[in-house]
Amino acid sequence: MRKEFAAKIGQLFESDDKLVFLTGDLGYNALEEIQAKYSDRFINAGVAEQNMVGLASGLAYEGHPSFVYSIAPFAVYRTLEQIRLDVCIHNHAVCIVGNGGGYGYGIMGATHHANEDLACLSPLPNMICWVPAFSEDVEYCLDQIVTRKGPAYLRLGLGVSYPQLIKIGLINQVVKSTKKPRLTIITQGPVVKNAIKALAGIEDVDLFSMLTLPIFDLTPALKNSIESTQNVLVIEEHTERGGLAEHLLMRLTREKLRLNQFEAFNAKGYPSKTYGSQDFHWKESGLDVESIQNYLVNN
Amino acid sequence: MKQLDLRRRLLKLYFDAKCGHIACSLSCLDLLIALFGQKKEDERVILSKGHAAGALYVMLNHIGEISDNMLTTFYQNATKLSAHPSANSFTNIPFALGSLGHGFPIASGMAKAKKINRDSDFVYVLMSDGETNEGTTWEAAHFAVANRLDNLIVIIDRNRLQGFGGTDSVLGDTAAVEKWQAIGFDVQEVDGHDLKALEKSIQRCKQENLGSPHVIIANTIKGKGVDYMENKMEWHYLPMNEEQYENAILSLEKVYYA
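Chain order of the listed sequences is F and U.
Residue numbering for the first sequence is 1 to 299, as defined by my numbering.
Residue numbering for the second sequence is 1001 to 1258, as defined by my numbering.
Source of the hints: derived by calculation from the structure; they are not laboratory data.
These numbers were taken from a predicted model, which means no experiment stands behind them.
Accuracy of the hints is not assured; some may be wrong.
To be verified - In silico lysine-lysine, DSS-like type, Cα no more than 25 Å apart, as pairs:
{"hint": "1", "chain 1": "U", "residue 1": "Lys-1115", "chain 2": "F", "residue 2": "Lys-37"}
{"hint": "2", "chain 1": "F", "residue 1": "Lys-18", "chain 2": "U", "residue 2": "Lys-1002"}
{"hint": "3", "chain 1": "U", "residue 1": "Lys-1200", "chain 2": "U", "residue 2": "Lys-1232"}
To be verified - Distance ranges between label pairs, derived from CB positions:
{"hint": "4", "chain 1": "U", "residue 1": "Leu-1004", "chain 2": "F", "residue 2": "Gln-35", "range": "50 to 56 Å"}
{"hint": "5", "chain 1": "U", "residue 1": "Asn-1231", "chain 2": "F", "residue 2": "Gln-35", "range": "46 to 52 Å"}
{"hint": "6", "chain 1": "U", "residue 1": "Leu-1171", "chain 2": "F", "residue 2": "Thr-253", "range": "46 to 52 Å"}
{"hint": "7", "chain 1": "F", "residue 1": "Asn-91", "chain 2": "U", "residue 2": "Gly-1165", "range": "55 to 61 Å"}
{"hint": "8", "chain 1": "F", "residue 1": "Asp-17", "chain 2": "U", "residue 2": "Leu-1171", "range": "40 to 46 Å"}
Said to hold, decoys possible - Take a look, some chain F residues computed to stay more than 10 Å from chain U by CB distance:
{"hint": "9", "residue": "His-64"}
{"hint": "10", "residue": "Glu-81"}
{"hint": "11", "residue": "Gln-82"}
{"hint": "12", "residue": "Glu-139"}
{"hint": "13", "residue": "Ser-161"}
{"hint": "14", "residue": "Ile-215"}
{"hint": "15", "residue": "Gln-230"}
{"hint": "16", "residue": "Leu-259"}
Backbone N, C-alpha and C define an ideal beta-carbon position, used for all residues, glycine too.
Work out the full structure: start from the sequences and follow the hints.
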């Protein structure tokens, strides 16, 4: 998604001369063009993430909506207090951009993974976390972030392109809709591609992709599906605590949507204490295609 | 006289509220008087040592932004005047501060924005010397130098006492002149209770825009003006009883009428 992100940032910078981009000394092979073209509004803040978020808040206060870019864990955990106090409480237009959410950085190891980022950020005042699933989502998320002018987190990953997406631009997207569903699968982020593969040839399971946390309104399509199946499976590249499944359960309960069955596949950390690619960690956590297929056989 | 009047108000504020953070407010009050005397109306002072909120509140009361009536709500339920400055209520309190190490990065962002906007205004940030222990100080300091933020004026309230010891006994003097010089700041060291000297140093910062950010290291006395509080760490925390309050006022009058 870095390519789509950089392209869209370029467009936004072209049309809004107030926007500022800060990077924590990262962006090699992606941000060079923006850096060269908008040198006065592109700031390499160095390897100093806490300061970078404070800077962004000061810039936003002075009328410059700002993007703060780093690898997801550095952008989120190192700076959590700055995000809460300097950005969120004042409702400043600062977008934290975390590249490689979840296990996105794979073999780079635990230091570079972010599986609790949404739990950290989604409860903060005024904060909206955007989790694009497909490369096509990035543009929509950025348009929303710039229009809303408040605190935002954009969790980028390696999203596949999915031009056949039924309703692009909805906050809970219909990825696949069937006539008589027995199960509603709700995913968040690029892990959706595993569900798409697992559902190949299966015509009685609906699939949705949730673009934000906290959850905005549930769309009629999603509500109808859950009402009809009363059977939900959440698949998220995030810890069980504070992620989509927990948010969703609260929401479904409040909206009095009856469920017979609810299951969630989450990031399980490092169960074998070994490390590998994103696919390896997905398998370890049971987020892979095969694990989803096995669940479908029995449920 | 402003130094006495505002100190009286400050002591009454803390006595009525029966709360602490008196000595650290007294140590930076003269810095605020100098800053608010020198700044333009649209310029902002960021009180990064938010625990000295009382000093800021009496200053804002003095300039008419906080009414006498509102000042009496300090520390009460449903107040806008919490023990550390809160967000979104006053023009001259642009950020909620009180967790140390936040104000300098924010002020640097504001100063950078002014550079982008070709706005000639200055940004001021008031820090405590203990606060310069925070790593963000050094992140922001290097950023300010690298980005030539000569519109940024940092004032350090160097009273040499921090939360649980003297600065020398904790991490050493992180507000030392040579450290800031080594990074590339324009450094001045002044008596933080001498208003004329403070005003002169601020004016000098404003005149010498040669690319370096400015730091005024103000040597201060924690508890300045109240003899029994001066240089006493416990008066960071203690509230005054009635007798102590009366003695504090007497002490002030001795110092400032002398």
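Each hint tested on the structure:
For a cut-off of 25 Å, the pair hint linking Lys-1115/U to Lys-37/F stands: about 18 Å separates their Cα positions. A distance of roughly 41 Å separates the Cα atoms of Lys-18/F and Lys-1002/U; the hinted pair therefore is violated under the 25 Å criterion. Under the criterion of a C-alpha separation no larger than 25 Å, the hint pairing Lys-1200/U with Lys-1232/U is inconsistent with the structure, at around 29 Å. The hint said 50 to 56 Å for the Cβ distance between Leu-1004/U and Gln-35/F, and at roughly 54 Å that hint holds.
Take Asn-1231/U and Gln-35/F: their Cβ atoms lie about 50 Å apart, and the range 46 to 52 Å holds. Hint check: Leu-1171/U to Thr-253/F, Cβ distance near 50 Å, so the stated range 46 to 52 Å holds. Checked against the given bound of 55 to 61 Å, the beta carbons of Asn-91/F and Gly-1165/U, roughly 38 Å apart, lie outside it. For the pair Asp-17/F and Leu-1171/U, the beta carbons lie near 43 Å from each other, so the given range of 40 to 46 Å is met.
Listed as a non-interface residue, His-64/F fails to keep its Cβ farther than 10 Å from every Cβ of chain U; the least gap is roughly 5 Å. Its closest Cβ contact with chain U, about 6 Å, brings Glu-81/F to no more than 10 Å, contrary to its assignment away from the interface. For Gln-82/F, the condition that its CB be more than 10 Å from all CB atoms of chain U is violated, with the nearest at approximately 7 Å. At the 10 Å boundary, the C-beta of Glu-139/F stays outside the reach of chain U, the nearest C-beta of that chain being 26 Å off.
With a cut of 10 Å on Cβ distances, Ser-161/F stays outside the contact zone with chain U, its closest approach being about 36 Å. Taking the minimum C-beta to C-beta distance to chain U, about 26 Å, the non-interface status of Ile-215/F holds against the 10 Å cut. With a cut of 10 Å on Cβ distances, Gln-230/F stays outside the contact zone with chain U, its closest approach being about 44 Å. Look at Leu-259/F: its CB is around 40 Å from the nearest CB on chain U, clear of 10 Å, so calling it non-interface holds up.
In this structure, the hints that do not hold are numbers 2, 3, 7, 9, 10, 11, in rising order.
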